[in-house]
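Those sequence lines, one after another, are chains A and B.
Numbering-wise (this note's numbering), the first sequence opens with residue 1 and increments by one.
Numbering-wise (this note's numbering), the second sequence opens with residue 1 and increments by one.
Hints are computed from structural coordinates only; laboratory data are not their basis.
It cannot be assumed that every hint is accurate.
Label-pair ranges, simulated between beta-carbon atoms [claimed, not checked]:
hint: 1; chain 1: B; residue 1: Gln65; chain 2: A; residue 2: Glu64; range: 54 to 62 Å
hint: 2; chain 1: A; residue 1: Glu117; chain 2: B; residue 2: Ala227; range: 54 to 62 Å
hint: 3; chain 1: A; residue 1: Glu153; chain 2: B; residue 2: Ile238; range: 41 to 49 Å
hint: 4; chain 1: B; residue 1: Tyr67; chain 2: A; residue 2: Asp31; range: 43 to 51 Å
hint: 5; chain 1: A; residue 1: Gly243; chain 2: B; residue 2: Glu80; range: 34 to 42 Å
hint: 6; chain 1: B; residue 1: Gln65; chain 2: A; residue 2: Ser376; range: 36 to 44 Å
hint: 7; chain 1: B; residue 1: Gln65; chain 2: A; residue 2: Glu42; range: 34 to 42 Å
hint: 8; chain 1: B; residue 1: Ala245; chain 2: A; residue 2: Glu179; range: 58 to 66 Å
Cβ atoms here follow ideal geometry from the backbone N, Cα and C, with glycine treated the same way.
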Amino acid sequence: MSINVVIVGHVDHGKSTLIGRLLYDSETLPDDKLAEIQKLLEEYKKRFEFAYFLDSFEEELKEERTIDTTRVLFKGKDYYTIVDVPGHKQFIKNMLTGACHAQVAVLVVSAPDGVQEQTRRHAFLLHMLGVQNIFVAVNKMDLVDYRKRVFQEVSEETARLLSSLGYSGARFIPISAMEGDNVYKPSGRMEWYQGPTVIQSLDGIEPDKVAEKPLRFIVQDVYRLDSEKVIVGRVESGTLRSGDKLIFQPSGMKGRVEKIKVFPGEVDEARSGDSMGIVTGCEAKRGDVGGHLENPPTPVDKFLVEVVLLEGTLKRGDEFEMKCGAMRTKCLVSEIKERINSETGEVMEKNTEEIGENEAATVVLKTEPLVVEKFSEIPELGRFILARNRRNIGAGIVLEVAI
Amino acid sequence: MLDLNDLENRTIYIVREVYAEFKSPAVLWSMGKDSTTMLWLCRKAFFGKIPFPVIHIDTGYKFRQMYKFRDEIAREWGLELVVAKNEEAVKEGVGPEDGKFECCTRLKTEALKRCLEKYGFDALILAIRRDEHGIRAKERYFSPRNENFGWDYRDQPLEMWDQFQGLLGEGTHMRVHPILHWRELDVWEYIKREGMPINPMYFAENGRRYRSLGCEPCTLTIESNAANIDEIVEELKITRVAERAGRAQDKERVFTMQKLRALGYM
Numbered sequence: 001m002s003i004n005v006v007i008v009g010h011v012d013h014g015k016s017t018l019i020g021r022l023l024y025d026s027e028t029l030p031d032d033k034l035a036e037i038q039k040l041l042e043e044y045k046k047r048f049e050f051a052y053f054l055d056s057f058e059e060e061l062k063e064e065r066t067i068d069t070t071r072v073l074f075k076g077k078d079y080y081t082i083v084d085v086p087g088h089k090q091f092i093k094n095m096l097t098g099a100c101h102a103q104v105a106v107l108v109v110s111a112p113d114g115v116q117e118q119t120r121r122h123a124f125l126l127h128m129l130g131v132q133n134i135f136v137a138v139n140k141m142d143l144v145d146y147r148k149r150v151f152q153e154v155s156e157e158t159a160r161l162l163s164s165l166g167y168s169g170a171r172f173i174p175i176s177a178m179e180g181d182n183v184y185k186p187s188g189r190m191e192w193y194q195g196p197t198v199i200q201s202l203d204g205i206e207p208d209k210v211a212e213k214p215l216r217f218i219v220q221d222v223y224r225l226d227s228e229k230v231i232v233g234r235v236e237s238g239t240l241r242s243g244d245k246l247i248f249q250p251s252g253m254k255g256r257v258e259k260i261k262v263f264p265g266e267v268d269e270a271r272s273g274d275s276m277g278i279v280t281g282c283e284a285k286r287g288d289v290g291g292h293l294e295n296p297p298t299p300v301d302k303f304l305v306e307v308v309l310l311e312g313t314l315k316r317g318d319e320f321e322m323k324c325g326a327m328r329t330k331c332l333v334s335e336i337k338e339r340i341n342s343e344t345g346e347v348m349e350k351n352t353e354e355i356g357e358n359e360a361a362t363v364v365l366k367t368e369p370l371v372v373e374k375f376s377e378i379p380e381l382g383r384f385i386l387a388r389n390r391r392n393i394g395a396g397i398v399l400e401v402a403i
Numbered sequence: 001m002l003d004l005n006d007l008e009n010r011t012i013y014i015v016r017e018v019y020a021e022f023k024s025p026a027v028l029w030s031m032g033k034d035s036t037t038m039l040w041l042c043r044k045a046f047f048g049k050i051p052f053p054v055i056h057i058d059t060g061y062k063f064r065q066m067y068k069f070r071d072e073i074a075r076e077w078g079l080e081l082v083v084a085k086n087e088e089a090v091k092e093g094v095g096p097e098d099g100k101f102e103c104c105t106r107l108k109t110e111a112l113k114r115c116l117e118k119y120g121f122d123a124l125i126l127a128i129r130r131d132e133h134g135i136r137a138k139e140r141y142f143s144p145r146n147e148n149f150g151w152d153y154r155d156q157p158l159e160m161w162d163q164f165q166g167l168l169g170e171g172t173h174m175r176v177h178p179i180l181h182w183r184e185l186d187v188w189e190y191i192k193r194e195g196m197p198i199n200p201m202y203f204a205e206n207g208r209r210y211r212s213l214g215c216e217p218c219t220l221t222i223e224s225n226a227a228n229i230d231e232i233v234e235e236l237k238i239t240r241v242a243e244r245a246g247r248a249q250d251k252e253r254v255f256t257m258q259k260l261r262a263l264g265y266m
């Protein structure tokens with residue numbers, strides 16, 4: 001599987017340029033891509049930018065900024081899915097769309113500008129999304145004459161930000177994406193830096209050891225095939241074996257796995273990530289979560305979450321639609337415990353009535369019984385989306401289930 | 001190599017979400033390698049029988065071999081085939097000489113629009129992939145289209161953790177892209193692994209082959225000696241030529257693809 005790497009940071013600090021440079025220097029692009037871009041530049045009377053390998057909307061070219069997220073597959077030691085996200089505050093939802101599956105982040109900070117508003121907000125959001133591995137690329141070193149002192153100052157400023165969010169030991173890399181220093185090729189212009197390039201840093205990542213977790217199988221649907229009822233869904237964590245005794249919650253149905261069906265045929269075992277069907281003799285419902293009797297999923301109706309709101313307001317007493325796994329249900333905002341500044345992570349107010357756009361909060365939600373898990377234990381069932389009028393408007397993670 | 005099982009699992013998950021969340025889905029099939037792979041994956045998701053219609057948008061300009069392949073596979077897999085054609089434009093004699101943009105819009109986008117009105121489909125499964133084209137790389141898995149078929153790419157929905165946007169209102173429909181994360185190479189590796197039937201036009205004859213299939217007047221061959229699936233896989237590992245190099249509608253002018261897609265092109 002490929003490693004998901006998101007490139008984040010403030011607008012204009014060089015995220016798309018960094019990726020464009022990586023693709024260019026590694027000769028990943030097809031030959032006619034450059035010719036295609038040359039044609040664009042002539043027609044729009046623009047100077048060449050590496051960002052144009054990613055920014056493929058006309059508006060992105062005209063406005064010289066990334067509007068929406070995109071991703072490219074890059075082959076290093078492993079495969080990396082490199083995700084580009086916009087750095088503007090108005091496009092936070094596109095940033096989250098790109099960043100939500102990241103295992104690694106490269107935080108790009110401009111050497112002449114240092115830490116800025118979206119540097120801080122993106123760092124906060126990475127922390128909330130549970131991204132553990134962060135590299136900091138101090139970019140535009142060419143604009144500060146490749147001076148070590150500037151690199152050190154910006155690194156220290158960024159390290160303070162990261163440590164305030166609980167990150168320690170991030171690696172700092174001085175680069176110029178525009179000139180190609182320390183992105184794919186080592187730089188000859190910063191003798192004071194002996195560390196790895198961006199790509200060498202990615203190649204040095206050790207894959208996370210996946211701890212064995214309890215079985216959680218989310219039910220998407222039940223199909224009637226000939227005489228069989230097949231419960232289809234995905235194993236989110238743990239291992240499902242033929243013969244296992246299961247309980248589904250919140251419906252409370254119990255059954256024994258007679259068959260694990262794929263097409264064509266059957267298998268004996270399914271692991272996390274597998275989409276398949278099971279025949280159990282019982283009929284679970286869409287939104288149910290299956291688990292073993294000895295470590296069962298437990299339904300709850302009140303739990304503590306951290307949310308970030310992307311549109312409108314969220315008030316105490318409001319009702320939202322919530323989607324977690326395959327469960328879609330109503331939830332009530334029963335308490336807003338802390339209103340949080342999503343730029344700095346600081347608590348602005350306690351026990352408040354309302355939060356606004358682009359703010360975060362810790363909130364107590366009430367629902368009909370459903371299965372959620374602590375994000376820190378089973379992330380796949382500890383993260384959810386909030387919707388209003390059928391529009392996805394916020395995202396959250398579960399902090400506590402027993403409150 | 002990417003793990004084909006991971007790619008397949010994610011796609012099947014998405015297809016099952018469509019079937020669970022929408023009243024009247026359908027899948028588009030052009031008989032090319034991607035949409036044939038898409039059908040194969042739909043069959044896997046539903047254990048052999050696709051429970052919704054399969055739409056072929058017939059411009060009348062497709063290759064003869066493609067119609068033959070269509071009819072054979074439709075019979076073999078028991079497909080509920082719907083052939084969508086903009087008869088009015090065909091009668092008017094619309095063709096590539098009217099300009100690629102005009103031709104694609106009238107014969108493909110409008111044909112699809114009429115088909116949707118006639119059958120009331122609210123979700124369309126399409127086999128586009130990010131690595132085909134920069135504009136397709138900007139897509140979501142679930143991408144809403146408004147009443148006029150338009151794609152509001154300046155305000156795409158929040159899409160996190162496989163929690164997809166639902167329908168937004170009357171007259172709108174959802175474009176769903178379950179193989180968005182597959183690459184051209186992955187598709188061929190998968191065809192090979194699964195032993196899938198494939199249109200023989202992809203195999204080289206006399207030093208040339210089709211790498212991407214569209215309408216006959218607007219699709220060119222590329223130089224290649226890859227005469228079977230194994231040789232195509234090997235060719236793709238080293239090629240420096242873009243997949244859609246032989247597809248004229250992408251290249252007529254810059255941003256043609258964006259403008260086509262904004263109007264509801266596939």
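Status of the hints after comparison with the structure:
{"no.": "1", "hint": "Gln65(B) - Glu64(A): 54 to 62 Å", "verdict": "46 Å, violated"}
{"no.": "2", "hint": "Glu117(A) - Ala227(B): 54 to 62 Å", "verdict": "57 Å, holds"}
{"no.": "3", "hint": "Glu153(A) - Ile238(B): 41 to 49 Å", "verdict": "45 Å, holds"}
{"no.": "4", "hint": "Tyr67(B) - Asp31(A): 43 to 51 Å", "verdict": "34 Å, violated"}
{"no.": "5", "hint": "Gly243(A) - Glu80(B): 34 to 42 Å", "verdict": "37 Å, holds"}
{"no.": "6", "hint": "Gln65(B) - Ser376(A): 36 to 44 Å", "verdict": "56 Å, violated"}
{"no.": "7", "hint": "Gln65(B) - Glu42(A): 34 to 42 Å", "verdict": "39 Å, holds"}
{"no.": "8", "hint": "Ala245(B) - Glu179(A): 58 to 66 Å", "verdict": "31 Å, violated"}
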